[in-house]
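Enquirer: Protein chains in written order, with this note's numbering: chain B, 1 to 348; chain P, 1 to 509; chain W, 1 to 350; chain A, 1 to 320.
Worth flagging that the hints you see were computed from the coordinates, not collected in a lab. Any given hint might turn out to be false.
[Stated by the list, open to error] BS3-like mimics (lysine-lysine), calculated; alpha carbons at most 27 Å apart, straight line:
| no. | chain 1 | residue 1 | chain 2 | residue 2 |
| --- | --- | --- | --- | --- |
| 1 | B | Lys236 | P | Lys270 |
| 2 | P | Lys376 | B | Lys213 |
| 3 | P | Lys444 | P | Lys200 |
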Amino acid sequence: MSSNKFINLLVPIISLLLGLIAGAIIMVGFGYNAVEGFKALWNGAFGDIYFIGETVRQITPYIFSGLAVAFAFRTGLFNIGVEGQVIVGWLAAVWVGVAFDLPMIVHLPLAIAAAAIAGAIWGFIPGLLKAKLRVHEVIVTIMLNYTALYIANHLVRNVITDKGDRTESISSSASLKSQWLMEFTQYSTMHMGIILALIAAVFMWFYLEKTTKGFELRAVGFNQHASKYAGMNVEKNIILAMVISGAFGGLAGAMEGLGTFGYMSVQSGFTNIGFDGIAVALLGGNTALGVVLAAGLFGSLKVGALNMPVAGVPTELVDIIVALIIFFVASGYIIRWFLSRMKRRENK
Amino acid sequence: MEYVIEMLNIRKEFPGIVANDNITLQVKEGEIHALLGENGAGKSTLMNVLFGLYQPEKGEIRVRGKKVKITDPNVANDLGIGMVHQHFMLVDTLTVTENIILGSEPKKYRLSIDMKKAEEDVRKISEQYGLKVDPAAKISDISVGMQQRVEILKTLYRGADILIFDEPTAVLTPQEIQELIEIMHNLVREGKSIILITHKLKEIMEVADRCTVIRRGRGIKTLNIAETNPNELASLMVGREVSFKTEKEPAKPQDTILSIKDLVVKDARKVDMVRGLNLDVKAGEIVGIAGVDGNGQTELIEAIAGLRPVESGTILLNGKDITDLPPRKVTEAGVGHIPQDRQKFGLVLDYPIGENMVLQTYYKQPFSKRGVLNFKNIYDKAKSLIKEYDVRTPSEFTRARSLSGGNQQKAIIGREVDRSPDLLIAAQPTRGLDVGAIEFIHTKLIEERDKGRAVLLLSFELDEIMNVSDRIAVMYEGQIVAIVKPEDTTEEELGLLMAGSKKQKVGES
Amino acid sequence: ACGTGDDEGQDTEGTDDTDQNEAVDFTVAMVTDVGGVDDKSFNQSAWEGLSDFGKENGLEEMKDYTYAQSETDQDYKTNLNRLVRQGYDLIYGIGYLLQPAVDEVAQQNPDTNFAIVDSVAEQPNVASITFKEHQGSFLVGVAAAMKTKTNKVGFIGGTDSDLINKFEVGFRAGVKSVNPDAEVVVQYAGGFNMADKGKVIASSMYNQGVDVIYHASGATGNGAFTEAKDRKKNNPDEDIWVIGVDRDQYEEGAVTVDGQEYNVTLTSMVKRVDVAVKDLSTRALEGDFPGGEILEYGLEDNGISVATTNEEALTEDILHEISKWEEQIVNGDIEVPKNHDELEEYLNSL
Amino acid sequence: MNLLEMLQTMIPPALFFAAPLIFTALGGVLSERSGVINIGLEGLMIMGAFVGVVFNLAFVDVFGDIWTPWVSILVAAFVSALFALLHAVASITFRADQVVSGVAINFLALGIGLFLVKQWYGKGQTDMVDAPFYTADIPVLSSIPVIGPIFFSNTYYTTWLAIVLAIVIYLIIFKTPFGLRLRSVGEHPMAADTLGINVVKMRYIAVMLSGFMGGLGGSIYALTIAMDFSHSTISGQGFMALAAMIFGKWHPLGAMGAALFFGFAQSLSVISATIPFLQDVPQVYLLIAPYVLTILALAGFIGRADAPKALGSPYIKGSR
Ligand SMILES: Nc1ncnc2c1ncn2[C@@H]1O[C@H](COP(=O)(O)OP(=O)(O)OP(=O)(O)O)[C@@H](O)[C@H]1O
Ligand SMILES: Nc1ncnc2c1ncn2[C@@H]1O[C@H](COP(=O)(O)OP(=O)(O)OP(=O)(O)O)[C@@H](O)[C@H]1O
Ligand SMILES: [Mg+2]
Ligand SMILES: [Mg+2]
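Using the sequences and the accompanying hints, generate a full structural model.
Expert: The structure is reproduced here in structure tokens:
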């Protein structure tokens, strides 16, 4: 048992190392200094308190979008629509943030709730169609991504503002920014959202693993027939799963709207937070803790990558390294296989 | 060259278990050789070794006297070995013909499949061996019995002359079993040799020439059928005496628990399957439903359990209307249900067996409180059920998937019986089980009856129906056409009633 | 990053202390928007301006003058801050998308000078560079109006935003000023990277009889060029045109039919970000940093121009007409509208 | 505009819009019919677009204006097929989660494409190709009255290649031994295995074919529409192709129909903007129309579709 746990821990670490080694080989192959490259990557992500702040800021929405994808996955649904849910959540949060003037104790929760609700609605649609009409959620969520993008742009321009490119900044009473945190991290964009993200992860873990609702959701994900037989309402659970997943997506948007940016501009394309959430969720094995760790890895690499040109290495290389790490983590089976072979040889 | 197949001292290990431990099996040319053993004794494993799906750790295989190494099913096919697997290896979405020719398709213009020729070929062998099938039908649209014929045709199409049947009769109705036995005789007449795995001693006695008994992975004995009897076989296999006729006191029926009036239920294709059915089941009795598969039994049971909408009519439980209530409400009203398809309905295979034990009760105290699960109580409960019902599993945390079908079945029965429902519906509760397990389950059902519960038993085994029921309701074309007492009838009479030939009304007893 | 053949810095190693006679003690950097430093558009143009400035002043590339590339909107602040922390004297944010980031970072770092291109940030240590795209668009509108035979011209926008509206409005004003009967068909694609949609829109416009399309839509416009070239290829006699944006898109318009070379790029509305960047950097170097000011580059200071590469298409007449209007604009005789309200006013005044 | 003119303006754009999606969706059909989820279609298209453009730029002098685009898409298809091998190795041999592996393919393609463009061209995107595909009137067919001008005039040969390939792949999947085996492997790999079909080999072939088709889709997008390669050349088309595949119920002709539907919806929304009584409708309605129409079509009358049963699960001998 304990050696099993050890291997479970070892596999992702080896995958990570293999990915980095592959990256190093590519760097050397193209005549870059791999040591300098990795040093720049490290410094860009953790070099000092400022960069750590930035990295945390980047991790925050990834946790939410990763949870969104993972939550749906655990109930047997593939939510490619987190991107759209991020956008509507962002919009709703900012809208509430600029439209009202309320004490923080009311305003901030209201704005956050608005984002969650908007995302939830965006998840409700594919959930409903799946439950009632058995329409495949993958298509509906892809279509809703585009729909969200265009509607949000329209609303920013024509409803929230009068032909403006971006909304006003939200009132400080709705902001996740904290003066203290900013000063502490030497004016990084880190905000209080990370706390919400960690709470959300704990919530997901608790809800799925420890509650009767979670028991139902997972059962429906594994076997709808048996769930129905056991008296669970399959349709309701499918909708609920998509609604909660969507709410997580919406909250990822709130992190951008109320934390990182404080406004919403007309988007010329997708934010990619939702799409990256797919990778984060799967890297994290669709568990809450896994998502937090994977978001950490993903966020660090993304922020660190911005610093790589300092060592003359193009940022694009980081995309390659990220991809390779994902490959290696996904292929954990083969690493396990090697490990168990090595162990057996040792035993003999 | 007496033996077509010789498996000598075969050993096959799985992580943590020796499935085959030095087993020897010798099959003579042209015989039907039965392989007998408890659930999990290692029969399927041995056959999978012969068919090339598993590689043995030790041992030697000879085919027609020649030593061979069967590295994969292709090699087995080339050696003329064909296998009808315990769980059918059929592609649901393909047609009968497509399934049969898959892998060795007749070609037209060197590129495309010559479907005409294929269907012709299929028709030819199907006629030659008396295996009637509709070559153009989709697998998902045909009956289990028909599917099995397709499996047999697959092996014959490839020219197999050594056929392995792994529990072919577990899923068949008595009629289909008779047909299969006929088919096996045909095959042997055509010069084929057959290895037959079955838990039904009667069948072994009827068709087999010799029988090899294995227990817990070890070969026990090979006997000539002519020189043995079911009792000997059973005790060799289980290691103790087994009684075939379950002892029971006469029933003491009390109030009516289940009362069905003019029930009409449609199947998925919107065809009426239950057509104005009436039935009462009383507390303290076991009512067996006898009938040929496809006469609306499944629909009836699913309708009672709330899994299928009711078109018209009423279902009363303890006088309370439960017609069209959702499954949860039906369960709470006091119905327990051992479903026919245990893997599809009975279990969440990816959940630990322990959590499967509370599949309908997880939301109640003491398994949860205010929506939060109490795993200690859940697993405590599971542990005691596993013990009581002799579910063989490494632990209560093992995923249900890796239990054998028999043990999965015992787990479900334990779960349903333990809830002590007023009405227990048991649909084919012993399908695929060995005689020891069957004995155990029958005893449990009778115990429930004696506690004053009503039991509705659905089975295609007339043996079981005759053995366990207090009253037998014969179902034909969506209606109960007769109600008889087992002591007043014979299997022959039942068979006639089930075929709908003698439509007589037998008064309620 | 990779080996720009600039050997100047190589002869001396420790360039921290200036052994070079002409080198000055000034460092400058820019942050691109998501287009990247080599977008063949305004990011690239800005970098060219900065490089020019650096070379002229003996600065070392990627050290004394450098850029940081943004992959997503979230990277702007991170990049700006990183450059601040590396101690650059002047930091540019290229593109209106960076406005909020520059605004905030500037506020937090009052000792560093910033500049924002294409937008305005009202901070004492920020110089805002904007362009009078409407002026340039007006002039290409004039060209379009002169060139059209069908009296129908088209405009394809990326997203419907203030900035792109400026292009649309200027263009429409230009067209109507010369040819009040001409119809302007306007469509927004909804994004800057939708070449397929751009092509569908262009195809629809040409089918309606539009013969000149002005696009302000980044890579979406590629689709318009593709469509125009395809039509040209099939029917070299058909007179259809595209007007490029941001830089001279003459190259994009080249098409060879039966050995004969054609070019569908009538002209381009060129935005000289390089000129502005170089200009501002020089002022900063000279200690004349215009903090808090808005520098509006237009026709008068070569910040905006109209490409005349396609000599065959831009006839004397057209060139003449363009320069006539240009003069009036530069003189201030004409105030080119910048938004829809002003356009209405302007059209009514015609 | 009368109806005929309307169709004449609406159909050709619908066709060229749909073509790359058809190729890629067909690739998806092949892969998923064998039981391997391919969410990496986007990445395969990116690889195809990248190779198609780079090859075109580099070899235009060798192959000339006519042949260069054809050779380019072929090379792009082969390179993408090789690239898809990564997905195959990870998800079939290494038993990686097929969705994860597909996601990695998407990241990797973009990373490699941009990195190499930067290495080779020293900038963020390539130049525009000089030898793209051009539309033409298809001989004979274009002179058929009514249909000719709508479907066969001013059309890309590649569009018709897409449609022909859809039919060919339909025939392969449903009429040949290879197709029968492919479907059996995707539905019940163990059954196929017991009949001596090499499940792993079939899946490798299918995934590589999906790479081939995705490569065609991406390169044809680049050489009929985008003309260059940059980070935004392929942005979402792969996911639309994925949607088309599901929309089309994993059927080659269905996938083609769905892709044509998308193309038609896009074309319709663009044309609508020019219809007088629709001109005052806010743009946003027209922008979202194609996507909303798709959802409505699905909800209204397409309904459920069943994926191949073994989709997503690695085949492990001797387990069930
Ligand atoms: N794939 C496997 N992996 C691990 N263990 C296995 C596997 N297959 C079989 N076993 C083990 O081998 C033993 C024998 O299994 P086998 O399937 O041969 O039983 P059987 O005699 O066919 O039983 P049944 O009557 O239930 O079909 C089982 O107890 C099981 O624990
Ligand atoms: N993947 C697996 N891992 C571990 N054990 C397995 C696995 N697959 C099968 N087994 C074991 O194989 C044994 C028998 O498997 P088999 O498929 O014959 O069961 P079954 O036919 O469904 O059961 P039964 O015959 O009792 O109804 C079981 O004891 C089960 O534990
Ligand atoms: Mg069994
Ligand atoms: Mg077995």
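Enquirer: Under the constraints set out in the numbered hints, which ones does this structure not fulfil?
Expert: none
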